[in-house]
Structures are given as C-alpha cells and as structure tokens.
Amino acid sequence: MNVGPSLYWYLTRASGTVALVLLTASVVIGIAAIARLRTPGVPRFVVDGIHRTASLLAVVFLVLHIVTSVLDSFASISLVDAVIPFVGSYRPLWLGLGAVAFDLLLAVALTSIIRDRLGHATWRGVHWLAYAAWPVAVVHGLGTGSDVHQRWLQAITVACILVVLAAVVGRAMIGWPDNLRVRVGALAMSAVFAGGLVLWLPGGPLGRGWARRAGTPPSLLSHPSSAGRHL
Amino acid sequence: MSLRIEVDPIKCEAHGQCAELLPERITLDEWGYPLIDDAPIPASLAGLARRTVRACPTLALRLRHVLHESAADVGSERL
Amino acid sequence: MSLPRVLLGAGAGTMDHATHRRVHGELPPAARRSRNGRPVPLLAELSHAGLRGRGGGAFPLAAKLEAVQRANGRPVVVINGTEGEPMSVKDRMLLEALPHLVLDGAYCLADALGAQDIVIALDQSMGEGHAAVRRAVRERPEAGRRTGQPRIISVPTGYVTGHETAIVNFVNRGIARPMTQPPRISDRGIGRRPTLMSNAETLAHVALIARHGAEWFRTLGPPDEPGSALVTLSGGVRAPGVYEIEYGSRFDALVRAAGGLSEPVRAFLFGGYAGTWIDAAGAAPVKLARGGLSPLGASLGAGVIVALPRSACPVAEVTRVAGWMSDQSASQCGPCVNGLASIADTLADLAEGRGGRDAFTDILRWSDLVIGRGACAHPDGAAAFVTSALRVFSTEFDDHALNGPCDACARRPVLITPRQRSVVA
Numbered sequence: 001m002n003v004g005p006s007l008y009w010y011l012t013r014a015s016g017t018v019a020l021v022l023l024t025a026s027v028v029i030g031i032a033a034i035a036r037l038r039t040p041g042v043p044r045f046v047v048d049g050i051h052r053t054a055s056l057l058a059v060v061f062l063v064l065h066i067v068t069s070v071l072d073s074f075a076s077i078s079l080v081d082a083v084i085p086f087v088g089s090y091r092p093l094w095l096g097l098g099a100v101a102f103d104l105l106l107a108v109a110l111t112s113i114i115r116d117r118l119g120h121a122t123w124r125g126v127h128w129l130a131y132a133a134w135p136v137a138v139v140h141g142l143g144t145g146s147d148v149h150q151r152w153l154q155a156i157t158v159a160c161i162l163v164v165l166a167a168v169v170g171r172a173m174i175g176w177p178d179n180l181r182v183r184v185g186a187l188a189m190s191a192v193f194a195g196g197l198v199l200w201l202p203g204g205p206l207g208r209g210w211a212r213r214a215g216t217p218p219s220l221l222s223h224p225s226s227a228g229r230h231l
Numbered sequence: 001m002s003l004r005i006e007v008d009p010i011k012c013e014a015h016g017q018c019a020e021l022l023p024e025r026i027t028l029d030e031w032g033y034p035l036i037d038d039a040p041i042p043a044s045l046a047g048l049a050r051r052t053v054r055a056c057p058t059l060a061l062r063l064r065h066v067l068h069e070s071a072a073d074v075g076s077e078r079l
Numbered sequence: 001m002s003l004p005r006v007l008l009g010a011g012a013g014t015m016d017h018a019t020h021r022r023v024h025g026e027l028p029p030a031a032r033r034s035r036n037g038r039p040v041p042l043l044a045e046l047s048h049a050g051l052r053g054r055g056g057g058a059f060p061l062a063a064k065l066e067a068v069q070r071a072n073g074r075p076v077v078v079i080n081g082t083e084g085e086p087m088s089v090k091d092r093m094l095l096e097a098l099p100h101l102v103l104d105g106a107y108c109l110a111d112a113l114g115a116q117d118i119v120i121a122l123d124q125s126m127g128e129g130h131a132a133v134r135r136a137v138r139e140r141p142e143a144g145r146r147t148g149q150p151r152i153i154s155v156p157t158g159y160v161t162g163h164e165t166a167i168v169n170f171v172n173r174g175i176a177r178p179m180t181q182p183p184r185i186s187d188r189g190i191g192r193r194p195t196l197m198s199n200a201e202t203l204a205h206v207a208l209i210a211r212h213g214a215e216w217f218r219t220l221g222p223p224d225e226p227g228s229a230l231v232t233l234s235g236g237v238r239a240p241g242v243y244e245i246e247y248g249s250r251f252d253a254l255v256r257a258a259g260g261l262s263e264p265v266r267a268f269l270f271g272g273y274a275g276t277w278i279d280a281a282g283a284a285p286v287k288l289a290r291g292g293l294s295p296l297g298a299s300l301g302a303g304v305i306v307a308l309p310r311s312a313c314p315v316a317e318v319t320r321v322a323g324w325m326s327d328q329s330a331s332q333c334g335p336c337v338n339g340l341a342s343i344a345d346t347l348a349d350l351a352e353g354r355g356g357r358d359a360f361t362d363i364l365r366w367s368d369l370v371i372g373r374g375a376c377a378h379p380d381g382a383a384a385f386v387t388s389a390l391r392v393f394s395t396e397f398d399d400h401a402l403n404g405p406c407d408a409c410a411r412r413p414v415l416i417t418p419r420q421r422s423v424v425a
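Residue numbers (this note's numbering), protein chains in the order written: chain Y, 1 to 231; chain G, 1 to 79; chain R, 1 to 425.
Check before you lean on any hint, since a few could be wrong.
Just a sample of chain G residues kept apart from chain R, beta carbon distances all over 10 Å, derived [stated by the list, open to error]:
#1 Ser2
#2 Pro9
#3 Ile10
#4 Pro23
#5 Glu30
#6 Leu35
#7 Leu45
#8 Arg51
#9 Val53
#10 Arg54
#11 Pro57
#12 Leu59
#13 His65
#14 Val66
#15 Leu67
On the chain Y side, residues computed to face chain G include the following (Cβ under 7 Å) [unchecked claim]:
#16 Arg38
#17 Gly41
#18 Phe45
#19 Ser190
In short, the hints are calculated from the structure, not lab data. This one's a predicted model, so the numbers in the text were calculated from it and none came from an experiment. Heads up, the beta-carbon is just placed ideally off N, CA and C, and yes, glycines get one too.
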C-alpha cells in the first residue's frame with residue numbers, strides 16, 4: 001500500500017503555486033496597462049493579450065489545482081468545497097478562502113468572455129473583484145498550504161506580494177488625479193494587507209501546531225502518511 | 001453595402017490599441033485619439049476589424065454596415 | 001399677411017391667454033386645418049410648410065415628426081427653451097412674453113403625435129421666465145385635465161447643456177451632458193421613449209401654421225426657406241433686441257429697423273459663438289437666408305447677429321470667447337477637450353504678443369483636427385468661429401502677434417461670456 005504523498009498531492013501544490021504566479025502576473029500587467037505604462041517596442045494590444053492569456057492560464061491551472069486536490073486521497077476535499085466556501089472538513093476557513101478566490105475569478109473570467117454583450121460599465125464593475133481575489137488567494141495559500149515552511153514557496157510568495165504591492169502603490173501615487181479617496185483607499189488597503197501578514201504569519205502558519213489550529217481533521221494529524229506534509 | 005468602423009468619442013479614452021491593430025484605417029492624433037479613415041473596409045480586413053473592435057478596452061469601437069451613401073447618413077447625426 | 005407674425009401684439013409683460021386668443025384667433029379643434037374644405041392633419045400641413053427648426057440646427061420639423069411616428073413607444077414632446085447661446089435672447093423673450101404661442105405649438109404636436117407627456121426645459125437661470133411659464137400653463141383649458149400636465153424642468157446653465165441629447169440625459173440620469181448618437185432621441189429619448197424636442201420659437205411657428213395653414217406660412221420668404229424668424233441683434237446698433245425678419249430680406253433693412261448703427265462697425269458675427277464673422281464692408285446688401293449667407297460661409301444659426309464696433313478689439317473678443325467655449329466643453333471627448341484648449345491657449349499667447357512662429361498654423365491645424373470628432377458639434381462650432389475670425393481680422397491678429405495688446409483690449413466686452421459654469425450632475 002502506498003502511504004507516501006501521492007502524485008495528486010504534488011500536482012495540487014505545484015498547480016496552486018503556478019496559478020498564484022500567473023494571477024500575480026495578470027494583476028501586475030493589468031495595473032501597468034491601465035496606468036498607461038509605456039512599453040517601448042511592445043504594442044499595447046500585445047500587452048493586453050498577455051494579460052488575457054495569463055488570466056486564462058491562471059484559471060486553467062486553478063482548475064487543475066482543484067481537480068487534483070479532490071482526487072488526492074489524503075484530505076477529503078470534494079468538488080463542492082472548491083466552489084462553495086467554508087463547508088468542507090479540511091481546514092474549512094483557509095480552504096474556503098480558496099473557493100472564494102476561485103468564485104471571484106470565475107466571475108471575472110466569464111464576464112470578460114461576454115464583455116461585448118455586457119457593456120463596458122458592468123464588465124468593469126465585476127473586473128474590480130480581481131483586486132479582492134488576489135489577496136484572498138495569497139492568504140488561502142499560506143493558510144492551507146503544507147509547503148509554507150519551504151524556502152522556495154516562501155520566496156515565490158514574497159516575490160508575488162512585493163510585486164503586486166509595488167504595482168498598487170505605484171498606481172495609487174500616479175493615478176486617479178481627481179479622486180483622492182480611491183488613492184488613499186488603495187494605499188490603506190495595501191498597508192493593511194502587508195501589516196496583517198506581518199502580524200499573522202509568525203504566530204500563524206509559520207508558528208507551532210498550525211495544522212491543528214488551521215482545522216486539519218484530527219484523524220489526519222497523526223496519520224502516518226502525513227509525515228512530511230505538515231508540522 | 002460596405003463595412004465602416006466608427007468610434008464613440010465619449011467612450012474613447014485614447015488607449016491606442018485600435019491604431020496598432022488596424023493601421024490601414026486608424027491613426028492617432030497628437031493627443032492619442034483615433035483618426036478614422038472613412039474608406040470602406042474590404043473583406044480581407046474584416047476579420048482584423050472585428051478583432052480591433054473586440055480589443056478596445058472601453059468598447060468604444062463599432063462596426064457599421066452602410067447600405068448606401070446618402071447626405072442624411074453623413075454628419076447630420078451630431079447636430 | 002406680413003410681419004409681425006410671432007411678435008404680433010407683443011408688448012411689455014406676459015400676454016395672457018385671453019389676449020392671446022384675441023390676437024391670434026382660436027386654435028382649430030384637434031389642430032386640423034381645412035384646405036379646400038377637406039380636413040388636413042397638422043403633420044401634413046407642417047410638411048407642406050417646410051418649417052425648419054429655429055434652434056440652430058435648421059432640421060426640417062416634418063422629418064423629426066415622421067421619425068418619432070415611426071419609432072416604437074408612446075412619444076414625449078419637449079419644449080427646448082434653454083437657449084445656451086449668450087448673445088441670443090429670443091427664446092427667453094418668447095417664453096416670458098408670449099408663452100401661449102409656444103404652448104399652443106407643443107400641445108398641437110402632442111395631440112397630432114398621440115403624446116400624453118410634455119416637458120418644458122428651461123434654463124435654471126431664467127428666473128422670471130419660470131413663473132411666467134407656470135402661470136401660462138395654469139391658464140390653459142388643458143389645465144383641468146387629470147393627466148398630461150406639462151412638467152417644467154430646470155436645466156443647468158451652459159452652452160452644451162441645451163443640446164437635445166443633453167436635455168434627455170439630464171431628465172433620464174441627472175447629467176446635462178450630450179450623448180453619442182445613434183440612438184437619435186426620436187427613437188429613444190426620455191424614458192427610452194421616442195422624443196420630439198423642438199426649440200421654443202419653432203413651436204411658436206407651429207401654433208401659427210395650425211391656425212393659418214402652410215400656404216399662408218409660405219407667403220413670406222423664398223421657396224427653399226419659407227417663413228419668418230426671430231433674430232437677436234446686438235452690439236453697435238441703436239436699439240439692440242429681438243426682431244422678426246422675413247427670410248431673404250436684406251440685412252441693412254434689419255439694421256435700419258434697429259435704429260441703424262450707433263457707431264462705426266468693423267464686422268458682424270452671424271450665428272453666435274458657433275457661427276462665423278463677416279466683414280462690415282459689403283455686409284449691407286446680404287440677404288438673410290441660406291442663399292445669401294452660405295456663399296459667405298455664414299448662417300443665422302439660432303438667429304444671432306452681433307455688430308462688433310470698431311472701438312472694440314476683435315482679438316480680445318475672439319480670444320475671450322474661444323477660452324469660454326473651451327471651458328464650456330462637456331469634457332467627454334478627447335479631441336474637443338484638447339483641441340479647444342490648445343486653440344484657446346495659443347490665441348491668448350497671440351493676443352499678448354507671445355505667440356510662436358507657428359501659432360497661426362497650429363490654430364488652423366487644430367481647428368481642422370476637431371471637426372466631426374466630438375459627440376456633439378461643439379468643437380466644430382468653436383473651430384468655425386476661430387478660423388473665420390483669423391480670416392476676417394487677419395490684420396489685427398498680425399498686429400497683436402507682433403506688438404502685443406492694444407488700447408482697445410481692455411474695454412468693456414461686447415461678446416458676453418457668462419461666468420456661471422454648468423453644473424452638470
């Protein structure tokens with residue numbers, strides 16, 4: 001009997017990470033595009049195309065991430081848990097955040113596909129949900145993920161966070177010249193997010209006994225195959 | 001019957017993708033706003049024209065089928 | 001019958017309904033006019049009359065009516081009394097002094113179109129006019145009806161806020177800014193319903209055609225431009241004010257009616273701030289009709305003529321108006337915002353003697369660049385005003401470019417540029 005981590009377990013962690021990187025790239029390119037950042041040599045429609053492609057790929061990898069997490073036999077995660085947040089038995093809050101992020105991104109993706117039928121105003125309103133989906137995805141990854149102590153994952157996550165924060169802060173500084181409220185709001189949210197992570201991580205996912213505190217079912221905490229999956 | 005591309009000047013925010021995608025019909029003025037050549041769009045460019053309309057970030061472009069030229073079609077709409 | 005027609009019986013104060021019916025006669029029932037003993041519907045009569053809009057667009061009213069009839073939905077009739085042109089007061093005057101003529105026209109058209117809803121759009125700065133219109137509405141026999149009472153709305157003051165799409169936008173969404181066409185308001189306007197919007201003076205003519213018929217209307221004016229029109233004549237004339245002219249009459253006859261020139265005049269502005277200039281030399285025999293004016297690149301517009309005295313500085317006047325027109329942009333369309341601002345700034349530099357070598361060519365280039373590229377014709381009008389000024393006043397502009405401001409620059413303005421900025425939302 002195979003009691004080691006299954007292929008699905010590796011795939012779900014990998015695809016989740018790739019999805020986060022793609023989502024980060026999409027958010028940063030989207031912000032750069034709307035801030036009219038000059039891209040010498042690269043036509044704007046190409047930049048726009050890269051944004052759309054990165055977003056689509058992010059959704060593809062997200063689906064892979066969800067399917068493989070369901071197929072993996074370690075934790076009982078059902079397909080329902082992937083779209084309806086907080087109803088699962090495995091780390092319900094942190095997994096649920098993943099479902100929230102997925103739902104938001106699904107709305108963004110679907111409205112983008114039917115953008116010409118929807119009209120610009122409606123499409124744009126829904127598109128702003130992407131600004132919510134990204135931090136939720138990051139927190140989901142940190143809360144659910146078993147690789148949170150791995151240096152490679154930490155490096156990738158930190159890089160993603162820094163790059164998005166830089167883009168948001170940069171945009172808040174130069175954009176929306178007439179709307180002080182939006183600019184201050186964007187800066188405030190960035191500060192809250194960064195500060196929140198700094199306060200939460202040491203005692204949270206990076207602290208002792210996180211798996212239990214995060215809601216891993218007790219039966220899994222002492223499971224032999226769980227060795228090496230979490231601390 | 002001919003195909004024409006038109007811009008809604010209120011929706012347009014000078015992103016400029018249209019001029020990149022359809023330079024045969026669209027160039028940008030000194031402020032970055034589109035200058036559209038009125039000439040009909042031949043079948044060979046129709047696909048590209050449709051793509052250009054879809055690409056506009058603010059959906060400011062429109063394709064119009066013009067049945068025949070008449071004085072009433074041109075210019076009188078904006079009074 | 002000759003002149004006056006619209007201004008018949010006009011005196012000080014507001015003409016009440018009883019006097020109005022005495023002066024003009026009763027409105028025929030259901031606005032039908034008999035021709036050779038057979039009843040002819042008003043709409044056919046208006047088509048035969050060839051009445052065009054008097055708000056500046058000169059659009060054939062019959063075509064508007066047909067468009068509204070073709071569209072789906074219960075129509076709305078709107079009286080456009082907003083008059084954004086600062087040098088025009090004819091609509092204001094009509095609504096204050098002769099409101100029943102305008103209301104007659106609106107009610108007639110509403111009946112003929114099967115419209116129940118009438119909206120009266122007035123400029124919010126009209127003050128006394130609002131009260132006069134309200135009183136007039138109450139005086140009418142229709143005031144007893146339970147439904148279909150006209151709704152008076154107060155539109156923010158501005159040059160473009162009185163555009164037909166801006167009024168529709170204001171009623172629908174509270175934003176007095178023009179909208180892109182299509183859709184035309186005749187298809188989808190107030191409450192997404194077909195909307196017939198007409199200038200106040202146009203409706204006054206409708207009221208007279210309903211009574212006297214198309215043949216009567218056509219006894220004045222040339223065949224391609226029948227009837228009479230109100231003109232606001234101001235500037236260097238002895239008696240500035242509103243006059244009723246026959247289309248095709250000579251300009252010097254109008255000036256004589258206004259008491260003649262009060263001082264030597266340099267040029268005449270025809271059509272308001274979206275109009276064009278004509279040198280005073282040779283202006284006297286000009287026929288006030290499309291036939292006489294368009295060869296000179298001019299038109300009456302909303303019936304506005306200003307005589308610019310020699311004692312005024314044309315450069316200062318044109319520069320100030322160009323700056324004002326730039327400020328009056330609804331700021332929705334890039335070419336208009338950028339183009340008019342560039343033109344105004346460069347004119348200001350020229351007037352101060354600071355203009356660069358390319359200033360004139362730049363202004364002409366920008367003027368050409370903005371034509372047809374806005375959602376409304378505001379940039380086209382401003383550009384035409386400036387380019388005709390550069391042509392007619394080339395001597396004065398060259399002089400200012402070299403030597404800066406002249407003594408006349410600081411005199412009291414002839415062309416009014418009201419300080420109030422439109423509050424659009």
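Exercise. Grab the minimum beta-carbon distance between Leu59/G and chain R and tell me whether it stays above 10 Å.
Key: Consistent with the label, Leu59/G stays out of reach of chain R, its closest Cβ about 12 Å off (over 10 Å).
Self-check item: Interface exclusion of Ser2/G relative to chain R, criterion Cβ beyond 10 Å
Solution: holds, 18 Å
Quiz item: With d taken as the least Cβ-Cβ distance between Pro57/G and chain R, does d exceed 10 Å?
Solution: Given a closest Cβ separation of 14 Å, the condition holds.
Quiz item: Beyond 10 Å from chain R, beta-carbon-wise, is Leu67/G?
Solution: Answer for Leu67/G: holds, closest chain R Cβ roughly 15 Å.
Practice problem: Let me know if the C-beta of Phe45/Y comes in closer than 7 Å to any C-beta of chain G, holds or violated. | Solution: With a minimum Cβ separation of about 4 Å from chain G (threshold 7 Å), the hint on Phe45/Y holds.
Exercise. Tell me if Ser190/Y is really an interface residue toward chain G, meaning its C-beta lies closer than 7 Å to one of theirs.
Key: violated, 24 Å
Self-check item: 10 Å cut-off, C-beta based - Pro23/G kept clear of every residue in chain R
Solution: With a cut-off of 10 Å, Pro23/G remains clear of chain R, as the shortest Cβ separation is near 18 Å.
Quiz item: Can we confirm that no CB of chain R comes within 10 Å of the CB of Leu45/G?
Solution: holds, 22 Å
Exercise. Examine each Cβ of chain R, and state whether all of them lie more than 10 Å from the Cβ of Leu35/G.
Key: violated, 8 Å
Quiz item: Just checking, Ile10/G versus chain R, shortest CB gap more than 10 Å?
Solution: Since the minimum Cβ distance to chain R is about 5 Å, Ile10/G lies within 10 Å and the statement is violated.
Self-check item: Nearest-CB test (10 Å) between chain R and Val53/G
Solution: holds, 15 Å
Self-check item: Hint status (Cβ of Gly41/Y to nearest Cβ of chain G, threshold 7 Å)
Solution: Status violated, d = 12 Å.
Comparing the model with each numbered hint stated earlier shows that hints 2, 3, 5, 6, 16, 17, 19 do not hold.
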